[in-house]
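Q: Quick mapping for you: the protein sequence lines, in order, are chains A and B. Quick note: the first sequence uses this note's numbering, first residue 149, plus one each step. Quick note: the second sequence uses this note's numbering, first residue 643, plus one each step.
A couple of the hints might just be wrong.
[What the hints assert, rightly or not] Just a sample of chain B residues kept apart from chain A, beta carbon distances all over 12 Å, derived:
{"no.": "1", "residue": "H699"}
{"no.": "2", "residue": "A754"}
{"no.": "3", "residue": "T770"}
{"no.": "4", "residue": "L794"}
{"no.": "5", "residue": "R808"}
{"no.": "6", "residue": "D815"}
{"no.": "7", "residue": "M820"}
{"no.": "8", "residue": "M822"}
[Claimed, not checked] These stretches of chain A come out as covered by chain B in the derived footprint (C-beta under 8 Å, 3 or more residues):
{"no.": "9", "region": "196-206"}
{"no.": "10", "region": "270-277"}
{"no.": "11", "region": "382-394"}
{"no.": "12", "region": "445-458"}
The set of hints was computed from the structure by calculation and includes no laboratory data. No residue lacks a Cβ here, since even glycine has one placed at the ideal position from N, Cα and C.
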Amino acid sequence: MITPGRALAIVGLLAIAVWPLAVQDVFLQRVGALVLLAAISASAWNLLGGYAGQVSVGHALYFGIGAYAGLVVYTEWGWPPIAGAPLGVAVSATLAIVVGLPTFRLRGHYFSMATIAAAELARILAANWPLLGAAVGLMGPPRPRTIADLSFTSPVPYHYLFLAVLLALLGLTALMQRSRMGYYLAAIRGGDRAARSLGVPVLRYKLYALLLSASFTSIAGTLYAVMVGFVDPDSVLGILVSVKMIIIAALGGAGTLYGPLVGATILIPLEETTNALLGGGGTGITYIIYGAIIVFVARFQPGGVAALWRHAAAWRARRAARGTHAA
Amino acid sequence: MILLQVVVSGLLMGAVYALFSSGLTLIWGMMNVVNFAHGDFVMLAMYAAFFAFTLLHLGPVWFVPIAAMLLFALGVIVYLGLVRHVARGPMLAQILGTFGLALVLRYAAFWAFTADFVSLPENLVGGTFDLGGIRIQASRLLAGVVALVITLGMHLLLTCTALGSRLLAVAEDRNAAMLMGIRPDRMQALAWGLGGASTGIAGALIALFFYIAPTVGESLTLIGFVVVCLGGFGSVPGALIAGLAIGVIEALSAYLIGGVYQDVVVYALFLAVLWVRPQGLLGTT
């Protein structure tokens, strides 16, 4: 059945698919690609933070691992950066188990604080590790050697690469949502103890959600490194990297399929525009706006845009019911 | 002898950590809400002291009362405007609320005061003492002693006064406190005010000997978390002991393995404690 929600999703995805062809301006094309990249990492965060309700403030850990993996395989062995993706996923998954297993015993705020500390630990270690270029960071290939380097001057190829990854992730999320795992995660979000009393294997499913979430966050990191060609500790492991994923997901609607994409479509153009208008000094303003937005979302509408949409749908339904009643 | 000097300077810094962490632990114990902007409150207090000196030409005696009053007001405003509403909402809203506030404060400071490091003149609280071979800066000694006294004062306020009993009653059981004629909302606003004031005093004290920058709040927030977790949530004496311990551990690791790794040691310790004893070293339940 075509509901208004589904119709909107189809129109939106079609618009995203033709965007780089419809606009010829390179700035706008680049914004489009960045929206998709941000949507990938926020959707990956959403698996754990939204669906399972475990608010990680340290996902920069996995993003940074993916980004560094991409450029380390280049600087050490001369491989194309994208070949670092499996390495990044392997390291992220391992760390997810090492960090996740003990951390999942913690509830609520304690979990969030532990994830911040783990990510900050990784940032400081990366900033002092010569293999990772220490505080200076790593550079990718200065000019493309083969097509495998995926180094293009136009943002358009990146747009379609990111779109493919995002669709795969959203497809997987939609499947998960309808599977046993989706219901288990919803129960876990409602409360550990209640879920356990219903017979949900809480620890195991939290770990599944984290593994999936960390792997895709790591892939997003590798894609970032491929596109930008440069990583340093602050740009990929800084606390703001984690915060951005949360803000984007929460603004759109945490724990909903399209929420992160909606959030990215609102916030990334805003960020790129303020940066372009205000230059280097704009970074500060961008984060003031970011902060103000999440304070407002938290204060007035914790469900984000998705909750507004649900309210609107409920209102339409009520009006329709009243209409038929009157007729 | 150098080792002893390192330990003493760690203890003095630790007393300041204990002071602002006691505010964090009070808020936490009262309403089970974490203030992710706590370190940024300290940062604002440091700027308050700096501008009291450069713009108003006031002496160091004024820094503590001015910063304490400003941050008390900020704490109450944040409670009434934001925290009161998100505290009843989902966990994500609680975290986002104070985290967003931290971003706004940090980058507003960035924008208003620029990213440049500033500091108060070094000789403002002059000189260096020589105590039996241990050399201590007067400013650090003053900061440590004042912080220690005020943290103990906070403990006495909570345990020995009627007001403290009312605060603890709300922390214990909101509804029962209401039945006893206590207004929980007022008490929680007061807890946020006291939490703010603790950061105000701590910030004014740190400003005497430390550089001031918009980003300094981030690591202070984390140190606050570490201290509160170690000391047990809601316990002021716990925060005092844990604060002193963290100060010493930080100073020792900076001395023994190098300044860049002092945070690594503290954060790793934090994770280890969360994993082994999530209720804190001194906590019960």
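Q: Indicate, hint by hint, whether the structure satisfies it.
A: How the hints compare with the structure:
no.	hint	in the structure
1	H699	29 Å, holds
2	A754	9 Å, violated
3	T770	31 Å, holds
4	L794	27 Å, holds
5	R808	25 Å, holds
6	D815	20 Å, holds
7	M820	24 Å, holds
8	M822	28 Å, holds
9	196-206	holds (count 4)
10	270-277	holds (count 4)
11	382-394	holds (count 3)
12	445-458	holds (count 4)
In the structure shown, a violation is registered for the earlier hint numbered 2 alone.
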